[in-house]
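S.K.: Now for the letters of each chain:
There are 2 protein chains.
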Amino acid sequence: MSKANPVVAIAGATGAVGREMLLVMEQRGFPASQVKALASGRSAGRRLTYEGPGASGIYGSGEGYVEVEEMTRSSFAGVDIALFSAGASVSREYREAVLDAGAVMIDNSSAFRMDSDVPLVVPEVNPDDVAGHNGVIANPNCSTIQLVVVLNALAQLVPLRRVVCSTYQAASGAGAAAMEELYTQTRQFLEGEPLTIERFAHQIAFNCIPQIDVFLDDGSTKEEWKMVVETRKILHEPALALAMTCVRVPVLRCHAESINVEFEAQLPVSVAEARAALEAAPGVAVMDDPLTLEYPMPGLLAGTDDVYVGRLRADPSVQNGLAFWSVADQLRKGAALNAVQIAELLL
Amino acid sequence: MSKANPVVAIAGATGAVGREMLLVMEQRGFPASQVKALASGRSAGRRLTYEGPGASGIYGSGEGYVEVEEMTRSSFAGVDIALFSAGASVSREYREAVLDAGAVMIDNSSAFRMDSDVPLVVPEVNPDDVAGHNGVIANPNCSTIQLVVVLNALAQLVPLRRVVCSTYQAASGAGAAAMEELYTQTRQFLEGEPLTIERFAHQIAFNCIPQIDVFLDDGSTKEEWKMVVETRKILHEPALALAMTCVRVPVLRCHAESINVEFEAQLPVSVAEARAALEAAPGVAVMDDPLTLEYPMPGLLAGTDDVYVGRLRADPSVQNGLAFWSVADQLRKGAALNAVQIAELLL
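Those protein sequence lines, which keep their order, are chains A and U. With our numbering, letter number 344 in the first sequence gets 344, and the count goes up by one each step, no holes. With our numbering, letter number 214 in the second sequence gets 214, and the count goes up by one each step, no holes.
Keep in mind that the hints were calculated from the coordinates and are not lab data. Among these hints, one or two may not hold up.
Given that identical chains are not distinguished, each listed pair holds provided it fits within a single copy or across any two copies.
Derived EDC-like pairs: lysine to aspartate or glutamate, alpha-carbon spacing no greater than 20 Å straight-line [unchecked claim]:
1. K3 / D100
2. K3 / E344
3. K222 / E294
Could you put the whole structure together from the sequences, leaning on the hints where they help?
M.R.: Take a look at the structure:
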């Protein structure tokens, strides 16, 4: 795939990430010659707003759109790049059809991320890994992407020894319906009505749920495991020590992470050095001024592209430690934007 | 002070913690001969429901109460125990009047916590420290109490080497008006109205604010500093390594904490040993069953007395590490209950 103007299919186009993919392609002017929106049969015929290159309707007219088609194995004829965000089982089901059509699959699900022949790519961190692909490139987990962009910038200073991270993850990380459930439940709570609990294991309104994805035998959750193994793969640090705790919080959009990093070297990395490295790093925005009470907050950064870092300070509890806080829009950098950036690497 | 039936004054009786103190005394049948509710002049004459020993009205009639009196320097004549929860400046202002009256001050503010002649007490952890008091006993910070109850239980197994903790703190930790602001703002957000932001530095509805209390020169916040120095004082471990990140989340009541502990010894502490120690520890309730998706959650534990612990698992990122999650009602164990427990130690 090295066409300058590829045909792009979006599988799962009506979902939270799929819609964001269309928006990101439009905003970045992704040079598609055609965009195909694929979803389940019940969405077929629905028109999704899309004003970017490859839209149906007149480009730039304010009336551009893509019309949803039912996804079948024959949907990928003529497609060059297929962006998948319809769940792991759908990705597994269609992988062969996509590859048979000669298209490259950029998959946002967890289906293939840890396969040894599938690159797991964050363009700011390991763009060169794309070169080794065999038809599938995986997009990492949302909370992983946000973490590795920052860790990679810091690891340029001194190798990392250990990372402890606790997350504050938004409802929309579980999809558009989950975000709607937070809205609905919050209304119900305020009205004193019974709560509708369907998308999360427990009430999410005015609550924190210390579980994301299923439990594994060692007492960790799959989300925590993903953050560990994906970070190691992306950073090419198979033995990096990572301790993760993943928590869902009643926020609509944007994940936050509280991070304590220990560096390998005996020589301390100063806060000033870390700040300079982060300020220079692509995809990172430092937002950190205690005097004006400025730091990143998930409720105020929806729709942004960077990984925001604040609360940068020494961690005096360990010889060579740094503590900080990061926020990123998990639907954009954590999913749609990262996938489109991978597609851009293919051009 | 060793009267079996003391006269108890509650300074700040109309606040979130003061009202909880009355409720805790009532529920525990604290054997007061009289309870005096003190507050600012504008609350004078207001009747607060209180059905415990020392109430006005007929005890046990369902119509018991205490009538609020304006607090003055002469309010403490005849008082044996004065529970203060009206802010640090009020505690400083009245300390002398309380001591001159021969009463013992149990102070929930941060005014005297780190004074060398003031015991800082969590009854499950360091009850013997009460003996050394000179008229003032301090109640620790809410997030500290919750942490030390668990750390103390684990330190009985093997001494602690380092603790990394990120908090998820409820709005009511900033007082009743702050909790009301979360309600109001959430309603405003859902209605698309402008948000009223008065009690927090930023929007709290559907947001996380990584700042509690003011910033210090080293980039930490005063809440983070309190957790470090208070934990060391209570555990009698002046050099214990602690890294804290304190975050306000849109939860009404109950603080949660994500904690990674490293033990001193080379021999690992097993999860089973840690679980047994926690199950045996006074004031701790283990709520931890991945099979039934059971773990403590702040939205569901308001009004409880224990420190709840779940998500207990090995932390494989370090030689001898344990990770877990805790939740406690910061108005009860984190404030009112702990203060009343200290009063009980005095009887």
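S.K.: Look at each hint and say if it fits the structure.
M.R.: Hint check results:
Taking the closest pair of Cα atoms, K3 and D100 come within 20 Å of each other only inside a single copy of the chain (18 Å); across copies the shortest separation is 87 Å, beyond that limit. In this homomeric assembly, K3 and E344 come within 20 Å of each other (Cα to Cα) only inside a single copy, at 11 Å, whereas the closest approach across copies is 78 Å. With identical chains, the CA atoms of K222 and E294 are at most 20 Å apart between copies only, with a shortest distance of 16 Å across copies and 33 Å within one.
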